[in-house]
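As a plain string of letters, each chain reads:
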Amino acid sequence: MPVIEVEHLMKDFMIAKRETGFLGAVKSLVKREHIKKEAVKDISFSINEGEMVGYIGPNGAGKSTTIKMLTGILVPTSGSVKVNGIIPYENRQENAKNIGVVFGQRTQLWWDLPTIESFELLKEIYQVPDKRYKENMDTFTEILGLDEFLSTPVRQLSLGQRMRADIAASLLHDPPILFLDEPTIGLDVVAKEKMRTFIKEINKERSITVILTTHDMEDIEKLCERMILIDHGQKVYDGEIAVVKERFGKTRTLIVDLEESSRSLKLRGGEVFKEEASRFWIRFNRDDVSASGLIAQITETHNIKDLTVEEPAIESIISRIYQEGYQDLPETVKV
Amino acid sequence: MFRFRLYWTFTKKAFLRSAVYRFDVWSRLGSNLIFLLMWGSIWTALYAGREEAGGVSFESMLTYIVVSQFLTGVNGAGTPLWEIQEKVRTGDISLELMRPFDVPLRYLFADFGSVAFYILTALLPLYTVMFIFMDLTLPSAWETWALFIVSAFIGFLIRYCIEMSFGLLSFFLVETGGIVDVFYFAMSLLSGSVIPLWFFPGWLETMALYLPFQGIYYIPNAIFIGKITGEEILLSLGVQLFWAVSSYLLLRFVWNRASQKVVVQGG
Ligand SMILES: Nc1ncnc2c1ncn2[C@@H]1O[C@H](COP(=O)(O)OP(=O)(O)OP(=O)(O)O)[C@@H](O)[C@H]1O
Ligand SMILES: [Mg+2]
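One line per chain: the protein sequences are A and B, in this order. So the first sequence is numbered by the working numbering: it starts at 1 and just counts up by one. So the second sequence is numbered by the working numbering: it starts at 1 and just counts up by one.
Simulated from the structure, these hints should not be mistaken for laboratory data. Treat the hints with care, since some could be wrong.
[Stated by the list, open to error] Straight-line Cα separation of at most 27 Å, DSS-like style, residue types lysine-lysine; simulated pairs:
(1) A:K134 with B:K261
(2) B:K261 with A:K97
(3) A:K31 with B:K261
(4) A:K97 with B:K227
(5) A:K17 with B:K12
(6) A:K36 with B:K12
(7) A:K82 with B:K261
(8) A:K123 with B:K12
(9) B:K12 with A:K41
(10) A:K123 with A:K37
(11) A:K131 with B:K261
(12) A:K17 with A:K27
(13) A:K36 with A:K134
(14) B:K12 with A:K37
[As the list claims (entries may be wrong)] A few chain A positions that, by computed beta-carbon distances, are all more than 10 Å from chain B:
(15) T20
(16) E94
(17) E120
(18) E124
(19) K194
(20) K274
(21) N285
(22) E324
Bear in mind that the values here come from a model prediction, so they are computed numbers and not experimental data. Yeah, the Cβ is synthetic: ideal placement off N, Cα and C, and Gly gets one too.
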């Protein structure tokens, strides 16, 4: 059953020419001039209960704009949005009770309050029963280690602490839907891993529906089965990550270090695209030739000191899709 | 449905938070005192030993100044204009649109908390001492005290609505210097906070009487020192109520425009 339905969603920003001075302010309350910017152009998707979907796209693709429309703080220019049966912008306060939101770029906690007081305030705002509040706080404290900074004002938290506080805060009222806009931005490797584990658990155990935007493809690989790729406000791909990998992930790179330096290396089914002293980078298609076949060819004439086989990172596949489009991209991507 | 408990939480939190910023309380009290001394000596010099001017005794005038400084303390303990502008600029206010509460009301209730803290811990002790040790005219009837408190409270609401409305104008402007000037000019002069309206030249007094600002300082103060009495008080309270409602409507209008701008233009 879809809990999020988006149809032909569009958002144009009318960038207003700002007026100056007091009279300008009064005038601009009444009438102003604008320049148009299309941030989201005709995006449709639907997300089922309990799904965790990666919402991916380069800078300025329209990810945050879409998320904001789902939260109700932005009104679409046209098209329809439904979140848990509610039209967010028409019923912002009602929608707020169904969703948890984290904007990695900025906190939504009260800047000058100790973290724990922000939580207490949210408890009242969302009318979380005492018992449930305590259970949630216990769980989140345990997994996210909140206790080390609960009494610290939010403005003094480190980025990693702040992010943990923010995600805990977004879940206090048990929303069935969670929007995470870059929840791992600026985190170190360990903190990222912890955040991923937490998101995964929340999604599994509470069957919360999650939409996640990120620039870190590892987040997507570790958390999501499905991704929606957008670029310039339009949907480029919507489907399983495994399918993308299957389709474009056939290219392999074999890197060999030879005992002696060699002028050239000619191989059937492989193409040397880079060489440095006695090290060679050889690109091949997994369907045409196997790595061991290539190695066998090399050992006929050379001694191999060391070798590695690399498969393309989802990251580079995606950056190629951005550049060339999903349909136009040849299956053997040279990444 | 008005969820009193929710808004009351903001009051409690703001009250407790003020306790953390004790330096702020003391420094504000300090500057409040300095202004009190300044205006006290200016008016002493202006009276130049006369017992009476403009139909008001020196003692009443001094009382007016003290009460005015007290009200300045009360009104100054709320969220100031620059802080509202700051919250607009940083997007804090826009993000609060995502919460299930009404933003202007939430700030009003938070202000109740910080103002209550400031009154209880700083203003009340100081001004009580002042009233005991200085020769000031105190209302003799308890009704006058009650009417003063009611009037001061309505004045507080008028000021809140106007200050918030002015602050929210930063949603529509880059430069707000002009706005800030207009606001502070009206707040200090037209409100009668430093010079009582009866000393104004006729045209300025008429103008001030047609504006909401007199409801913030002049009316409660005039009630306190007995400049207006009896039915006049009720009339003045009526005028205040009119301005409270009007400035509330102004605030709602500006807020609707501001939140409309956020949801359409992204802040
Ligand atoms: N309030 C706004 N007013 C005008 N233009 C805006 C506004 N918000 C976003 N835009 C524009 O809309 C486009 C999409 O922005 P958006 O923030 O949705 O991108 P994004 O996909 O989240 O990018 P990033 O990965 O950098 O966060 C950008 O070109 C941006 O400049
Ligand atoms: Mg973004």
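**Message:** Under the constraints set out in the numbered hints, which ones does this structure not fulfil?
**Reply:** The structure breaks hints 1, 4, 5, 6, 9, 10, 11, 13, 14, 15, 16, 17, 18; every other hint is satisfied.
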